Amino acid sequence: MSLSDADIATILLTLRLATTVTILLLIMATPLAWWLARTQSWFKGPISAIVALPLVLPPTVLGFYLLLAMGPNGAIGQFTQALGLGTLPFTFWGLVVASMVYSLPFVVQPIQNAIEAIGNRPIEAAATLGAGPIDRFFTVVLPLAKPGFMTATILGFAHTVGEFGIVLMIGGSIPSETRVVSVQIYDHVEALEYAQAHVLSGVMIGFSFLVLLALYTFQRKRKAVGMTYGR
Amino acid sequence: MVVKTGSLKVIQARFQLSYAKQAKAHFNLDLDIEIPGQGVTAIFGASGSGKTSLLRCIAGLEKSTSGCLSVNGELWQDTSVFVPTHKRSLGYVFQEASLFEHLTAMGNLRYAIKRNNQTAKPELLEQVISVMGIESILSQYPQQLSGGERQRVAIARSLLSQPKLLLMDEPLASLDNTRKHEILPYLERLRSSFNIPILYVSHAVDEIVRLADHAVIMQQGKVIAQGGVTELFSRTDLPLGVSNEVGAILDCKVVEKDEQWHLMRVAFEGGELWLPNVENKQNTTQRVRVLASDVSLTLSAHSDSSILNVLSGEIVDIINDQNPAMTLVRLKVGSSYLLARLTHKSLQKLGLVTGQNIWIQIKSAAIVR
Chain A
26 MSLSDADIAT
36 ILLTLRLATT
46 VTILLLIMAT
56 PLAWWLARTQ
66 SWFKGPISAI
76 VALPLVLPPT
86 VLGFYLLLAM
96 GPNGAIGQFT
106 QALGLGTLPF
116 TFWGLVVASM
126 VYSLPFVVQP
136 IQNAIEAIGN
146 RPIEAAATLG
156 AGPIDRFFTV
166 VLPLAKPGFM
176 TATILGFAHT
186 VGEFGIVLMI
196 GGSIPSETRV
206 VSVQIYDHVE
216 ALEYAQAHVL
226 SGVMIGFSFL
236 VLLALYTFQR
246 KRKAVGMTYG
256 R
Chain B
34 MVVKTGSLKV
44 IQARFQLSYA
54 KQAKAHFNLD
64 LDIEIPGQGV
74 TAIFGASGSG
84 KTSLLRCIAG
94 LEKSTSGCLS
104 VNGELWQDTS
114 VFVPTHKRSL
124 GYVFQEASLF
134 EHLTAMGNLR
144 YAIKRNNQTA
154 KPELLEQVIS
164 VMGIESILSQ
174 YPQQLSGGER
184 QRVAIARSLL
194 SQPKLLLMDE
204 PLASLDNTRK
214 HEILPYLERL
224 RSSFNIPILY
234 VSHAVDEIVR
244 LADHAVIMQQ
254 GKVIAQGGVT
264 ELFSRTDLPL
274 GVSNEVGAIL
284 DCKVVEKDEQ
294 WHLMRVAFEG
304 GELWLPNVEN
314 KQNTTQRVRV
324 LASDVSLTLS
334 AHSDSSILNV
344 LSGEIVDIIN
354 DQNPAMTLVR
364 LKVGSSYLLA
374 RLTHKSLQKL
384 GLVTGQNIWI
394 QIKSAAIVR
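Same order as they appear, the protein sequences are chains A and B.
So for the first sequence, our numbering puts the first residue at 26; every next one is plus one.
So for the second sequence, our numbering puts the first residue at 34; every next one is plus one.
Just so you know, the hints here were simulated from the structure itself, not pulled from any lab data.
This structure is a prediction, so every number in the text was calculated from the model and none was measured.
Every residue, glycine too, gets a C-beta built ideally from N, C-alpha and C.
Some clues are possibly wrong.
[Claimed, not checked] Not close to chain A: a few residues of chain B, all C-beta gaps over 12 Å, as computed:
1) Asn61
2) Gln71
3) Gly72
4) Asp209
5) Arg224
6) Ile351
7) Val401
[Said to hold, decoys possible] Capping the alpha-carbon separation at 27 Å, the derived lysine-lysine pairs in DSS-like fashion look like this:
8) A:Lys171 <-> B:Lys147
9) B:Lys286 <-> B:Lys396
10) B:Lys96 <-> A:Lys69
11) B:Lys365 <-> B:Lys286
12) B:Lys396 <-> B:Lys378
13) B:Lys382 <-> B:Lys396
[Unchecked claim] Chain A side only, calculated, beta carbon under 8 Å to chain B, not exhaustive:
14) Arg146
15) Glu149
16) Ala150
17) Ala152
18) Thr153
19) Leu154
20) Val165
21) Pro168
All chains should be built: construct the whole structure from the sequences, respecting the hints.
Written out as structure tokens, the structure is:
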């Protein structure tokens, strides 16, 4: 039994989704993680709690509110309609937005930990040597926090591949648009196509194992700070 | 304070800073000083006296609520101006080396060179590397270096941005005694090889007397005295550390060498001393430290004593020592000062009073630089 064309399409879609989400999250989570790592503000607690909410909430709760927000009467929906983009639910970009919310803590926290571990001193030392803020970020913070960024990338990608509930609620199951691997497996099982469900599930187990193996091997090799995440 | 822009060779600093240190009570830094814009100025005081805060304010790493700072005619801060740290031409050596762990020693040096916006002389890198003695460790990463080596690389790195002011925050404090003595000669070479004004924070008297020309004494966030090192360290009214380390400092000139007895005669303002000859020292000026506990007083000049150095002087002050048995006597010899640490009993036995002329016996004196 090999993969059908439809199965391969879902795998490609899943990879496209996870890649898009990971790239966008790295760009957005880095300033947030930077702020959380260095602020003395009173807002640090509440913001940290909000970032961590997807860790504890059922995906259906997030899915429900995102569906309302992105719908024709929701705030995001009104905004996307005003831009002439229509509404996001049951589209690829709707999935991207939902996945970003869902995977946010998995990307923010490793980066935040890594930046906190660097501390103030190397940044101050760079300033006294004439490096401006942006220079300091790219030449001191980024290289020193690299293990944290690696962890964030791996976890963000893997977690997006592994989601189901929020995808089903926001995306449904539209071939080549929102039907990702986890949804395809669900459809196979519903249709009693156990053989196909086996193959896809096997692929997922293999993929997840390899990703986690890579993560922990990498963590063991570089016993660097900010790396012991995901245990 | 009016900042006289264009007034060269002087650092004018006024800072007011007040913040609650984590566990401790409220801390206030409040000072207004003028420091020579050349040579080595020591900032001396007990821990918690605000030395590091002052240095961080000068570097712009700490934003004081109200402050004014000009360095050799360049305005770095006042009510409307705050030049950010990376635009101030300064070098900063932290207590811990604070090298970039992801770069080699050479990588750390290059980091400074790249960001130095002055046209650096090509021989500067070579000179800095040789003065700091780090030729053999340039390809190593900070984790592979010893504490002393790391600190030497850090000092070299700070020099390569060609700073107009070098700030050193207890650069030896994190090192053990052996390493400390390993680095002190490099700091002396740094002082004589590069013409950069240095502010050197320390609570170690022996480092200051070896390196500094000028000193600022701090206590609880305030400056309580400042002046030449020789003058300050012969004063009895300042908290200058543990009492058995108290001693006067004399800047001397070598006037005669006695090859037969391996001695040399040095002259200071007001008198002369015989000291063991130092062969390897080229310079003819020597800084000599005379510990108060090595000085004794007699009412008449003895010729039957083994003590070689006997001077005539006047008692200018007598104060109580931290130890209830002891007193500290300040003596004037010509225009220089010496300190003697005596027991209360001897003081009474000899009937010593202020203004009295006295013979001063110096048992030993150490050449500190």
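**Report entry** Indices of hints not satisfied (ascending)
**Finding:** none
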